[in-house]
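Enquirer: One letter stands for each residue in the lines below.
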Amino acid sequence: MSHAPRSGDSPHVLLSETDIARALTRIGHEILERNKGAGDVVLLGIPRRGVPLARRLAERIAAVESSVPVGSLDVTMYRDDLRMRPARALERTDIPADGVDDKVVVVVDDVLYSGRTVRAALTALDDIGRPRAVQLAVLVDRGHRELPIRADYVGKNVPTSRAEAVRVQLRETDDVDEVVLVREER
Amino acid sequence: MTVLVRGASLLGGPRADLLLDRGVITELGHLSAPAGAAVVDADGLLALPGLVDLHTHLREPGREDAETVESGTAAAAAGGFTAVHAMANTEPVADTAGVVEQVWRLGRDAGHCDVHPVGAVTVGLAGRQLAELGAMAESAARVRVFSDDGHCVSDAALMRRALEYVKAFDGVVAQHAQEPALTAGAQMNEGELSGRLGLAGWPAVAEEAIIARDILLAAHVSSRVHICHVSTAGAVDLVRWAKAKGWPVTAEATPHHLMLTEDLAATYDPVYKVNPPLRSAEDVAALQEGLADGTIDVVATDHAPHPREAKDCEWASAAFGMLGLETALAVVQHTMVEPGKLDWAGVADRMSVRPARIGRLPDHGRPLEVGEPATLTLVDPTARRTVQAADSLSRSRNIPYAGLSLPGAVVATFLRGRRTFGGRA
Amino acid sequence: MQHLLTIADLDREEAVRILDTAEEMARLTDRAIKKLPTLRGRTVVNLFFEDSTRTRTSFELAAKRLSADVINFSAKGSSVSKGESLKDTALTLEAMGADAIVVRHSASGAPHRLAHAGWVSARIVNAGDGTHAHPTQALLDAFTMRRHLGDLAGRRVVIVGDVLHSRVARSNVELLSLLGAQVTLVGPPTLLPVGVESWPCQVSYELDPALAKADAVTMLRVQHERMAASFFPSAREYARRYGLDSGRLRLLPDHAIVLHPGPMNRGMEITADVADSDRSVIVEQVGNGVLVRMAVLYLLLGGSGAAEEDR
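Protein chains in written order, with numbering that gives the first Met the number 0: chain A, 0 to 185; chain B, 0 to 424; chain C, 0 to 310.
Hints are computed from structural coordinates only; laboratory data are not their basis.
Cβ atoms here follow ideal geometry from the backbone N, Cα and C, with glycine treated the same way.
Be careful, since some hints might not be right.
Example chain C residues on the side facing chain B (calculated, C-beta under 10 Å, incomplete) [said to hold, decoys possible]:
1. 51
2. 104
3. 106
4. 108
5. 109
6. 112
7. 116
8. 118
9. 119
10. 120
11. 128
12. 132
13. 163
14. 166
Which chain B residues stay away from chain C? Per the calculated CB distances, all over 12 Å, these [claimed, not checked]:
15. 26
16. 34
17. 37
18. 63
19. 131
20. 190
21. 196
22. 269
23. 307
24. 381
25. 401
Take these sequences, add in the hints, and give me the full structure.
Expert: Listed below in C-alpha cells is the structure:
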C-alpha cells in the first residue's frame, strides 16, 4: 500500500492498467479458491463499472476452470437515499437465466465506500430470489463505511479522506484502464 | 354645496376653472372662489364629461352575492361614470315595469350614479314572446334601451317585430349577437388555439351572421339597432358598411376586447373567460381602428361580476364575464390614447357623448360649458397604478388585469354638482 | 419534470427516458415479487372525475408496484356543483398529504388548474382532460410501437377517427412528432379541428392510401352520439369510409401493427376480427400502460437527472 505524497491538484494514480489486470486475475483465483470451484457461482455487476469488471472476472474464471453466469443488478430503485437527490435514470438489470436461488452470488462493484450501494444490492436480491450466499468483490476499498458491510475480495485498499474522490476508468466505458485519486472541487 | 374646480384641462384642451353650483356649471374661466365653496385643485388633471356606460350588469335583483346596485354603482363612480345602463338578465328578469322601476329606485337611493335599467326584449329572455316594452318605456325608469343580453334574439321574425315596436317610443334594441346553433357549448374563440387547447370554439361567423342580419332588418324597418360588445374584425367591417349606407346602426366595444387576446386562454384561468370570447390580435387591432374612426361608437364595459366560486374552478364550469367599471378609462388610455389613436376629446365622445345619445339621456354627455349639468369626472392622466383585485369596490373580484400596470387615475366624479367619488379636496 | 400535464412538458430526452425507464420496469416486474420499494411512504391519489376503471386500475397498479400508498377518489364534479368540487377536493387532498395526484376530468385544463392554482403542492399527472391531452396514453402507445418497430424516427403512423374530440390524438401527434415519426391524421372534415393544418402532421380525408405505407395504425373511438350532431350521417357510412375491417387490414404492410386506446366500438371504427387479429397489439397496450405509468410515477416523485454517486 503506497502513500505517495498527494499534490493538491494533479490526480494520483492508484492502479495502472497492469495493476488492474493483476488484481482481477488474483480476485478470480480467490473466488474459485474460496468457493471450491465455479460450480454455483453467479457474478452480478452493479452498473455502471461493476458490469465490465464482472465480465472480466468471468473471462478469467472461464479461462482457468469453467464458465460462470454473469449479469447486472441495477440498485437505483432500492437505494436508501432516493429522497435526497433527483431521481436517476435506471440502468440495466440482467439476471442470468438460471436465477440466483441457492447460488453463491458474487456482487461486483468498482469502489466500496459507505456501503449503501451494496446494502441496496442485498435488498434487491431479496426480491429476486434466495441465494445460498452473497459475497462482495470490489476493485478499490476506500474506507469510510457507514454500514456493517465488508468486501470479501479487494483489488486494493486505499485510505482516503472525504475530500478526495476515487475515479475508476475502464476501457469499456472510458477508453483507458486506470484508477486515480483526485481532490474534489467544492 | 358649491364647488370650484381649479385649473382642469377640459377634455385635454385648454385649462379653466369651473364653478359647480346647484347641479349646473355656472361659471367657467379664471375664477376666484366664492365664499363657502369647496375648492378642488385640478392642476394637472383632465376634466371629462361624466362617463356613460351603455352596458353593465348590476346583478340586483337576484344575484346580490356577486353585486348589488349599491356596490356596482360605487364602482362605476370610482371609474368616472355618472350613468350606467343596467342589463336585464337579473332574477327575476327585468321584463316588466315593476322590475325596472325597482332597479331604477335602488339606483336613485344609492346615489352614486344614475341607473337606467335596460328592459328585456323578450319575456324571461326566452326569445319567444315580446316583453311589455311599452310599459317599461312609460314607467318611472323611462326605459329606452332594450336587450336580451346574455342571450341573442335569434328568431329573425321576433327581432324584426322588436325593432319595429320600439320605434313608437324612440327605443333601441341592443343585440347580443351570437347564433346559438353555432355556439352550443362554446368556451373560447374558435381557431388554431382552441383546437390545441381542447376547448370548444365560438366562431366569429356566429357573431357576424347575426350582425349582418340585424343591420339589414334595421335598415328595412327604419329602426335603430345597437350591437353590443363587437369583438371581431369582420363585425367591424359590417358596421362600417352599414354606416356607409347611412343605416341606423350603432356599435360598442368593451375595454377587454380592445386590449386582451385569446392567448390568455392557454393559462386555463377562467378569469379570461368571457362572452363574446377574447379574440385574435388581428381582431383587437381592427376594433381599435374602428373605435378610432368612429365605426365603433361607444366603449361599454359589459361589467359582469361573478362570485369567487364561479371562477375558482376548471374553465368549462366557470361563468363568462369580467369586471370593467373601475378599469375602463385606464384601459382606453393605455390602448388608444397613449399610442396616439384617440385623443381625450375622442374619449369623451366615445365614453360619454355618444352613449348618452344612444340611450337618449338628456343630461349626460353634455359639453363642459356654462349652463350644462355639473356632471363630470376629473382624471390624472400621469398616474400609474398596478391593478389590485382586492382594491375593487365591486363585490366580485374577476378582474383580468390584476397585476398589470395601467395609466391614469380617476380623482373625483361629480353628478349634478354632487361629488360621488374622490375623498380629498 | 414537476408535473406531467401534456407532452409539451417533455423534451425529446425526457420522453425517451420515460420509455427507457418503462423498459427497465418491464424487467423488474418479470420477477416473482413484482414490487419495488422505491415509493414507499409516498401517497398517490387517483382523482377521477370521469369513470374509467381501465386507466384508474392501471395507475393504481403502477403506484402499488412501487410500494406507494394509493387512495382512489371518485369525485363526480357536475355542472350542478359548479366547480366547487375541484377546488374543495384539491384542498382536502392537500390536507391528507398527497404526494402525487393523478387526475382525469371531463374539462380541458382541469389538471392545469390543479397544478397552478396554488391549492395543492402535490405533483400532478394528467390521466386525461376533456378533449385536450392524455400524455400517458401517448407514452404507452409510443412504447408499444417502439417495441415492435424499433426507433420511431421516420416511422409512419396513421391515426384515424374523431380527432376533433380526441385527447389521445392530440397527445399522440405531439409525442410521435417529438420522436421523429411522421404522423397522418385521417377522418371526415367534420371531425378534424380548425387549425389542424398547423399541427406537426399530415391530414387526409382518405384512409386507404394512408394505410399502404403505414407502420402503425391507431384507431380512435367514434361515439354514436356524434351522429346526432351531424358529424357524420350514419354509422354505416362512417364504418364504410373510415372503419378498419379485414379488407383494409390487407392493405397494410406485413409488419404494421394496429392500436386502439380503448374502449372499442366494435363494428364502428374497428371490426371484431381486426381487433382480435394478430396485427392488433390492443391487449399489449394495456400491460404497457402499467409499465409506462410506473416510469412516470418514479420519475416524478423524485425528479430526473444524474448525480455523482458515493459508495
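Enquirer: Please go over all the hints and tell whether each is borne out by the structure.
Expert: Cross-check of the supplied hints:
no.	hint	verdict
1	51	violated, 17 Å
2	104	holds, 6 Å
3	106	holds, 4 Å
4	108	holds, 3 Å
5	109	holds, 4 Å
6	112	holds, 6 Å
7	116	holds, 8 Å
8	118	holds, 9 Å
9	119	violated, 14 Å
10	120	violated, 18 Å
11	128	holds, 7 Å
12	132	holds, 7 Å
13	163	holds, 8 Å
14	166	holds, 6 Å
15	26	holds, 55 Å
16	34	holds, 57 Å
17	37	holds, 46 Å
18	63	holds, 17 Å
19	131	holds, 33 Å
20	190	violated, 6 Å
21	196	violated, 6 Å
22	269	violated, 8 Å
23	307	violated, 10 Å
24	381	holds, 35 Å
25	401	holds, 14 Å
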